[in-house]
Structure formats: C-alpha cells, structure tokens
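Student: Each chain, letter by letter, is given below.
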Amino acid sequence: MATQIDPVEALAAAVNRLYDMSSNAAISAAQQQQLLAQAHDLRGDLIALVQLQLSAADAGYQNLMQNLNNVTNALDEAEQKVQDMINKIAGVADVAAAVDNLLQEAIQLGTTAAKLSGA
Amino acid sequence: MVKRTHLISLVLCGSPIGFCGCTTVTVCQSPVAQFQTAVNSASDGVRTYLLGVNDVIAKGNLYDKVGTPITSGPDWVANDLAGGISLDTIQLRLQALATISAYANALGAMADSKDVANLGQAAKTLGDNVNSLSMTLAKADPKLDNLAGHLGAPITSLVTLFGTLEIQHAQKAALEKAIIDGSTNVDAIIDQLKVDLPKFAALIDTSENAIWQGKLRIYNVLRKNASPNALDSLINQCVADYDGISQLRQAQVTSLLGNMANAHRALVVFAKSSKRPKDLSDLAGQINTFSANVQLFNAMLASFQTAIKASQ
Numbered sequence: 001m002a003t004q005i006d007p008v009e010a011l012a013a014a015v016n017r018l019y020d021m022s023s024n025a026a027i028s029a030a031q032q033q034q035l036l037a038q039a040h041d042l043r044g045d046l047i048a049l050v051q052l053q054l055s056a057a058d059a060g061y062q063n064l065m066q067n068l069n070n071v072t073n074a075l076d077e078a079e080q081k082v083q084d085m086i087n088k089i090a091g092v093a094d095v096a097a098a099v100d101n102l103l104q105e106a107i108q109l110g111t112t113a114a115k116l117s118g119a
Numbered sequence: 001m002v003k004r005t006h007l008i009s010l011v012l013c014g015s016p017i018g019f020c021g022c023t024t025v026t027v028c029q030s031p032v033a034q035f036q037t038a039v040n041s042a043s044d045g046v047r048t049y050l051l052g053v054n055d056v057i058a059k060g061n062l063y064d065k066v067g068t069p070i071t072s073g074p075d076w077v078a079n080d081l082a083g084g085i086s087l088d089t090i091q092l093r094l095q096a097l098a099t100i101s102a103y104a105n106a107l108g109a110m111a112d113s114k115d116v117a118n119l120g121q122a123a124k125t126l127g128d129n130v131n132s133l134s135m136t137l138a139k140a141d142p143k144l145d146n147l148a149g150h151l152g153a154p155i156t157s158l159v160t161l162f163g164t165l166e167i168q169h170a171q172k173a174a175l176e177k178a179i180i181d182g183s184t185n186v187d188a189i190i191d192q193l194k195v196d197l198p199k200f201a202a203l204i205d206t207s208e209n210a211i212w213q214g215k216l217r218i219y220n221v222l223r224k225n226a227s228p229n230a231l232d233s234l235i236n237q238c239v240a241d242y243d244g245i246s247q248l249r250q251a252q253v254t255s256l257l258g259n260m261a262n263a264h265r266a267l268v269v270f271a272k273s274s275k276r277p278k279d280l281s282d283l284a285g286q287i288n289t290f291s292a293n294v295q296l297f298n299a300m301l302a303s304f305q306t307a308i309k310a311s312q
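The listed protein sequences derive, respectively, from chains A and B. My numbering numbers the first residue of the first sequence as 1 and each following residue consecutively. My numbering numbers the first residue of the second sequence as 1 and each following residue consecutively.
Check the hints yourself; a few may be wrong.
Pairs of lysine-lysine residues, derived as DSSO-like cross-links and limited to a Cα-Cα distance of at most 30 Å, are as follows [claimed, not checked]:
(1) A:K88 to B:K124
(2) A:K115 to B:K139
(3) B:K172 to B:K272
Since the hints were made in silico from the structure, they are not lab data. It should be emphasised that the depicted structure is a prediction, and the values quoted were computed from it without experimental measurement.
Use the sequences and the hints to build the structure in full.
Tutor: Encoded structure:
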C-alpha cells in the first residue's frame, strides 16, 4: 500500500528547495530572483494550507477540552466532599460546645436557685 | 537486640501502618507531582514556541524581499507583519495544553491534599469540646465523674483514625477514577497536537530558510566593502545569527509530545496497577524521560531567545 504524502510536508520541502536554488551562484541573478519570488509565493500558500488544516481540527479540540474539564471538575468536587466531611466534624464539635454552654448555664441557674431558696 | 529491632521493622512494614504507604494516596504523590511539574513546564515551552511562529513568518516575509532590487521589488507592507496563522488558532492549541495542565494540577492537588492534617485539627477540637461537655455533666451529676476528662483523647484518636482512613480512601479512589476517566481525552488532545505541531514546525522551517537566505544576501553585500577587522566581526555575527535561527529548528516538539504521551500512559497503567515497587519504578522511568526532554526543549528555546535578543 502506498504511503500517503502529507501535503504540508511536500509543499514545505518544495519551498525549501526553491530557497536553496535561489542562492545557487551557477544560475543568473534574474533566475535567482525568480526562484526567490516563487519560494515566497509558495511559502504564502503553505501558510494558508496550514491555517486551513488547523481550523478544520478546532471543533475536535473544543470537544476534547470540554470532556477533560468535566473530569477536572469532578476531581475538584471530590476534593470538596472530603472537605465537607471535615466541616461536619467541626459542626459536631460546635454542637458539643453549644450543649456544654447550655448545661453550664443550667447548672449555674440551679445553684443560684438553690441558694435563693435556702436563704 | 539488633535482630529484635529488625523484627519490629518487618512487622511494621507488614502491619497496617507500613501497608498504608502502599495503598493510600501517598504512593501517588511523587509521580503525580513530577507529572504535573513536567506537563506545566512543557506547556510553557510549547507556548513560547507557538507564540514565536508568527514572528518568524513575519521576519521571513521581510527577508524574502531583500533578494529583489529596491527599485523594482515589492515594498514592505503591513501584511508582511501579520504572520499568517490566526491568534485564535494558536490560542486554541495553547488552551488545549492549559486544559491538560489544569487536569494535572487537579491530580496534584488531590494527591498532595492537606485534608488529613485539617482533619486532625477538627478532631482535636471535637475531642476538647466533648471533654469539656463531659466535665460539665459530671458537675451536674457526680455519678458521671469517672467519665469526665476521659472522653476527649479517645474521641480525638478515633475520629482521626477512621477519618484519615476514609479521607485517604476517598482521595485515592477519586485520583484513580480521574486518571482513568481523563486518559482518553488527554491521549486524544496529545495525539491531535502531535498532528498539528509539525505543521507549525514546517512553517518555522521554511520561514527560517527565508530569513537565512535574506541575511546571507545582506552579508554578501557587506563583506564586499568590509575591512579585515569588520570582516571578522561580520563572520562572528553571521555565525551567531545562524546559531540563533537553527536552535528553533532543532526544538523537537514532536518528540516532546511523544514523551508526554508515554508519561501519561504510564500514569494510567500505574493507576490501574496494584502499586508494587516495580509499577512505581516503571512510571518513574517514563516520567523522568519526559522531564529530561522538557528540560532540553526549554533550554533550546531559552538559547534561541538569548540569540534573538543578542542579534536585536
């Protein structure tokens, strides 16, 4: 099976060959200029071809990036869940502190009430 | 005595404490962090490479016109400086790399999370508060005195122990799931970049050829009237110019992406493995190759930029 030639590679090779030939002292200055002008034009075509091929792949990138962002977000959410667990423990600690305060106040009230009734 | 110490070490290695290091998230920290660092560094290098492409094309456009006589040749026009590849096109490839970096950073954040340390503080506060509550209860009912002052420490230990196991299990599970879930997309992005970046390389290559041919023409005009001393500095300048131009040509962006793909594949294999030392060393080998390649690539770019600045 014949290997498919990449048009970008083929065109780039032709452009480079033209540049090399344009500096060949064995050919006339006019021909050198002609070769240089052709190299310049073909290099412009190469840029246009590359831009066209790159644009064709843009939608695929958007899709892949969205999928990978979803995975990254899921990872961030998992991290948040672990943090939530710690917050819950902190919440239970707060409840214990609040109950403690209430009990201390109740004991204080009971002591005061006992003193008052004794007096 | 010595034998006894060894025996204790062996028992510890086989015990849950020693085993923790092999089964929990800690075993993933180092390779994930290395992967994260190398991906971020590679992204920076490719960013420099891609953002430079239009500069090189624009220079090529202007140097192309050096070969034609000023009287009959085309003028320099603003379009020469446009480069040719739209910024959106370049930005999208950079965004794709940034997406892989963000993913690698999220992996790193999860692997290196300080949640277990935060849990320790939360558990201690809970223990202290329960202790205080217990003593208050003892004041209210003296029968509870035995309990007072004895609850805090055990509660702290229990919450820390079970909470730590739970957090590490959750971290490890989330990390492995993310590595496996993200693998197809990361591979696909790297594969697409491996298709695209050689196209940029072709543009850089031909444009550098244009720059070099133009520069040679200028040097050839200059050397005709140069004194021996001026000729010497002209040669030095010419060699420096050539080195600067050829550095970017030698930056092997495709091989960099190939090593990134290999390192990522190794990370996926590791996530699915039973995390034996051999699995870890296989992974470390691939990531080290990738890291070394990134360093080389970035060193070449840095040397290219130095050469550009020197010639300016």
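Student: Indicate, hint by hint, whether the structure satisfies it.
Tutor: For each hint, the structure was consulted:
no., hint, result
1, A:K88 to B:K124, "holds, 14 Å"
2, A:K115 to B:K139, "holds, 16 Å"
3, B:K172 to B:K272, "holds, 11 Å"
Checked against the numbered hints listed earlier, the structure breaks none of them; every hint is satisfied.
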